[in-house]
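Trainee: Those protein sequence lines, which keep their order, are chains A and B.
Per the numbering used here, the first sequence starts with residue 1, numbered consecutively.
Per the numbering used here, the second sequence starts with residue 334, numbered consecutively.
Hints listed in this document are in silico derivations from the structure and should not be mistaken for laboratory results.
There may be inaccurate statements among the hints.
Stated by the list, open to error - Each computed EDC-like pair below joins lysine to aspartate or glutamate, with the alpha-carbon atoms no more than 20 Å apart:
#1 87/A to 574/B
#2 477/B to 19/A
#3 87/A to 99/A
#4 37/A to 200/A
#5 150/A to 659/B
#6 37/A to 19/A
#7 150/A to 138/A
#8 474/B to 19/A
#9 241/A to 138/A
#10 284/A to 309/A
#11 37/A to 309/A
A quick note: this is a predicted structure, and the numbers were derived from the prediction, not measured.
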Amino acid sequence: MADRPVLEVHDLHVTFRTEGGLVPAVAGIDFAVAPGKTLAIVGESGSGKSVSSAAVMGLLPSNADVKGEVLLDGRELVGLPNDELRKIRGNDIALVFQDALSALNPYYSVGWQVAEAYRLHHDVSKKEALERAVRMLDLVGIPAAKARAKDYPHEFSGGMRQRVVIAMALVNDPKVLIADEPTTALDVTVQAQIMRLLEDVQTEFGTALVLISHDLGVVAEVADDVLVMYAGRAAEHGSVKDLFYRAAHPYSLGLLGAMPRVDVPPRHRLTTIPGSPPSPGSVKTGCPFQPRCAYTERVGERCITERPELTPRPGEGNHEAACHLGRRPEVAP
Amino acid sequence: MPDLVWFLIRRLFATVLVLLALSLAVYLIFYALPADPARLGCGKPCTPDRLEQARHFMQLDQSTIQQYLAFLRGIVVGRTYGEGGAAVHCDAPCFGYSFPLARPVTTLILDRLPITASIALGAAVIWLIVGVSLGVGAALKRGKLFDKLAVGLALIGVASPSFLVGLLAILVFGFWLNMVPVNGYVPFTESPVDWAWHLIMPWLVLAALSSASYIRLTRAQMLEEMNLDHVTTARAKGAGERRVVLVHGLRGVLVPIVTIFGLDLGSLLGGAILTEKVFSMQGLGELLISGVSQVDVAVVVGVTLFSAFLVIIANLVVDLLHGVLDPRVTHG
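Put together the whole structure using the sequences plus the hints.
Mentor: Pasting the structure below:
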């Protein structure tokens, strides 16, 4: 039972209708998370990570077209009327944002805001909801939660604010928690505390966690599976071990090379990936990563003419990468 | 709370200083004018003797500064003009005495205030409701027909002079259609229905024009607010769109609207000059205009100071409301 995914996404496409034409932000991605497990979605800015999570929540603006399947416990969410989606948002799937200061409403006390999330899905009195909110604030480690519930967001430190956001997300005991770069805005020491908190609540409640991040250090620590996105597509996915020990896509290798680590000799220079990601929709044929890829010469013109599909790679079972390079590339040159 | 008390003391002190400076400025401006109030007061034929008498009676024969100090003293202890049987008393707080109208300025202001307040408050309620709801609607329907209509209306409203709209309204609804009275004021205590019926035109004209700027302000603020992350949070929590707009979107728009509203209302209570003139309402604005044309310095100084006082009080109230409406604001 534990392995049956609670959230499944199949062939998700998100296209924005803009004045400049159709812009495909996500062009067919698949992922799944099981209860108590963590899936990390990594990639550069603009790779479609956040758009994918917003699509799952049905939170995209009205000029976005979503195609594909989003299954929550087997129930299709794409195309569900807004009123039905509303009952799922915050109740079954909850979101933790990157910047807790702007994610919280400056005009209401944190206790009120957490209680509101509960009252939107439970028919309880304000008093009961507030008691529940205080319990959640206490659970996420806010000292003197009962007194502090009356305080406003600006009266909290960054780490405490992010705890409030997490309490708000967890108050309805959701099946899936989507955390969009939850620690990016925080100090390093606080980052570790917040990640530990997320892990703790996950173990306690059996929540499935979708962690959107570009911090591979965090990913290595907490993720079970990893999806690497590039230009709105999956570049590679597999278990966290597959990715860190058997990365098959040159882009994944580039990301790993750009990560500072303690197990390489000192004075070793971090590598960078030359160039910048393509703008959405600009790559019509071939591999979207080709212009930045160091292995193009080895493969030849297939990289320019033919779009690589996800193909199985050696690993823990589900390891796939979208690269024409058959053999695992050596460590990035 | 001690913070708030200190804040209030400081602000009241500043208010008194501003009013002093303002009254002195108004005094100096009007005494620099070539017109002589005493000449208007001495009647015809005006012999030099009588003129001197009038000047002495109106206490205009003292130096400007002495007159100003007498004015200040009058506010605290009252004032008496002339001596014996012809003496005129002006009880404290005396803001001057209008010889042309033969009444203390304080009484004049208090008599006129209900009319101006009726016009201003009624219009304010209408324009606040109309302006904010149209502004919110326009922001939510951005780029759609409703938005374009609302913005177009606002543009017309901002560009229209109130005397023109007022006169057109009197012509159409008062004379052609004969629907509403074209002038006159009935006190609320006499007949609330007639009171409202006589005020409906000034209200609508004034509100139509003021709504315009509230549509634009609300629309702009709302567009900004609805793009903020915390509004997305509200949706992600599962709030319905109505709740997202009313509880999370509109809440942030409240602060700028209350600010502008307070200041507008404050200055309007000091006299809706054009509207009062057009609709022949004997309000503070009308009092000021006739005071200027008759070189009735006491009235001009009194009404100007009273208007300034209202604006300053409105500012203070707005500042205090900020502390209530925005938890991030402290009165340090």
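Trainee: Does each hint hold? Answer for all of them.
Mentor: Results of checking the hints against the structure:
no., hint, verdict
1, 87/A to 574/B, "holds (12 Å)"
2, 477/B to 19/A, "holds (16 Å)"
3, 87/A to 99/A, "violated (24 Å)"
4, 37/A to 200/A, "holds (12 Å)"
5, 150/A to 659/B, "holds (14 Å)"
6, 37/A to 19/A, "violated (40 Å)"
7, 150/A to 138/A, "holds (13 Å)"
8, 474/B to 19/A, "holds (18 Å)"
9, 241/A to 138/A, "violated (35 Å)"
10, 284/A to 309/A, "holds (14 Å)"
11, 37/A to 309/A, "violated (26 Å)"
Checked against the numbered hints listed earlier, the structure breaks hints 3, 6, 9, 11; every other hint is satisfied.
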